[in-house]
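Residue numbers (the numbering used here): 57 to 335.
Because the hints were derived from the structure by calculation, they are not lab data. Yeah, the Cβ is synthetic: ideal placement off N, Cα and C, and Gly gets one too. It cannot be assumed that every hint is accurate.
As the list claims (entries may be wrong) - Between beta-carbon pairs, the in silico distance windows are:
#	residue 1	residue 2	range
1	Leu99	Gln251	38 to 46 angstroms
2	Trp172	Val264	37 to 45 angstroms
3	Ala98	Pro283	32 to 40 angstroms
4	Ala98	Val227	22 to 30 angstroms
5	Val250	Ala174	40 to 48 angstroms
6	Ile317	Leu78	23 to 31 angstroms
7	Ala98	Trp172	17 to 25 angstroms
8	Leu78	Gln251	25 to 33 angstroms
9	Val227	Leu175	39 to 47 angstroms
10	Leu247	Thr178	18 to 26 angstroms
11	Leu271	Cys314	21 to 29 angstroms
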Amino acid sequence: MNWAFWTSTHASALPVPELARLWMWLGWSVVLAALLLAVSNALSGRRENPGRPAFRSWLGTSKNRRERFECKADGAQRPRHIKEIGEEASTAQRSNRAAQQVFRGAWLVAALAVLWCALPGTLSPAYWLGLAFQSPSALTVALCLLSLIGHLTGTAGRETTPARRIRPHIVCATGLGLLLGWILLLDTLALLPVQFYVLGWSPAAVAVTFLVCTLLTLPGWLQSGTPMERWALPSVLLVFVALRLPSGNLWDALLDPCLWITLHGYALRAMVRWLRSNK
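Let the hints inform the model, and build the full structure from the sequences given.
Printed below as a string of structure tokens:
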């Protein structure tokens with residue numbers, strides 16, 4: 057085996073410049089569309105339930121919800137009156153109408169985001185986002201695209217897995233993403249004895265990442281996971297190997313600062329939910 061080839065970082069393939077510029081525009085268009093759609097859905101949900109604090113809703117539990125769980129655990133049952141049943145039916149009808157309005161508005165929000173990014177020069181937000189953050193990682197674009205497709209097709213739903221049944225492959229993927237981000241940060245500050253970022257140019261990094269991604273994606277296929285669990289990582293490797301996007305370095309395809317910060321928030325929310333579920 058030619059170890060010099062697998063560990064070489066000098067003859068790396070770079071993406072076509074025109075394709076890299078197109079990727080920056082398309083990538084930020086998808087990210088911005090998914091972000092605006094998530095904000096619009098959050099605001100519509102806020103209007104449907106104005107009494108629930110937004111931060112508590114983001115954490116996934118509330119005091120009333122815990123009281124309902126305790127009531128069910130104690131076996132206490134209250135008699136349901138006809139008035140309460142009618143109120144629940146009217147609430148369900150309003151929720152269905154609101155869901156249909158959100159579904160129709162999702163297409164409009166996504167189209168407006170893409171058209172906004174298509175504006176020339178400094179009028180486009182993609183120009184300023186690319187100036188500040190360069191191109192988004194392939195994994196960020198894949199996650200946003202899958203989320204966008206789920207909302208536009210009406211297949212996106214709320215998380216149904218209980219907090220105490222944390223999926224191990226999701227925990228491993230989040231932990232590896234956080235670890236990779238911290239290693240790259242230390243490498244940027246020159247606090248590591250070796251240069252870690254340059255290893256992203258070597259073929260060995262692609263081979264190891266392919267093995268790790270296979271292990272992380274396999275449970276999603278065997279357990280009928282979400283499209284994000286099944287397609288996110290394979291699509292990233294396919295785009296990188298075929299087109300070398302976004303920069304030719306593997307770490308840039310797997311992670312970017314925005315995704316790294318989002319992983320911290322996701323890990324914090326999962327930890328709080330797990331702690332609350334064990335009380």
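Hint check:
1. Leu99 <-> Gln251: 38 to 46 angstroms: holds (45 angstroms)
2. Trp172 <-> Val264: 37 to 45 angstroms: holds (39 angstroms)
3. Ala98 <-> Pro283: 32 to 40 angstroms: violated (21 angstroms)
4. Ala98 <-> Val227: 22 to 30 angstroms: Because 25 angstroms falls inside the window, the suggested range holds.
5. Val250 <-> Ala174: 40 to 48 angstroms: Given range 40 to 48 angstroms: holds, Cβ gap about 43 angstroms.
6. Ile317 <-> Leu78: 23 to 31 angstroms: holds (26 angstroms)
7. Ala98 <-> Trp172: 17 to 25 angstroms: Once the Cβ atoms are compared, 20 angstroms apart, the range 17 to 25 angstroms for Trp172 and Ala98 holds.
8. Leu78 <-> Gln251: 25 to 33 angstroms: holds (30 angstroms)
9. Val227 <-> Leu175: 39 to 47 angstroms: holds (41 angstroms)
10. Leu247 <-> Thr178: 18 to 26 angstroms: At roughly 37 angstroms between Cβ atoms, Thr178 and Leu247 fall outside 18 to 26 angstroms, so the hint is violated.
11. Leu271 <-> Cys314: 21 to 29 angstroms: Taking Cβ atoms as reference, Leu271 and Cys314 lie about 26 angstroms apart, which means the hint holds.
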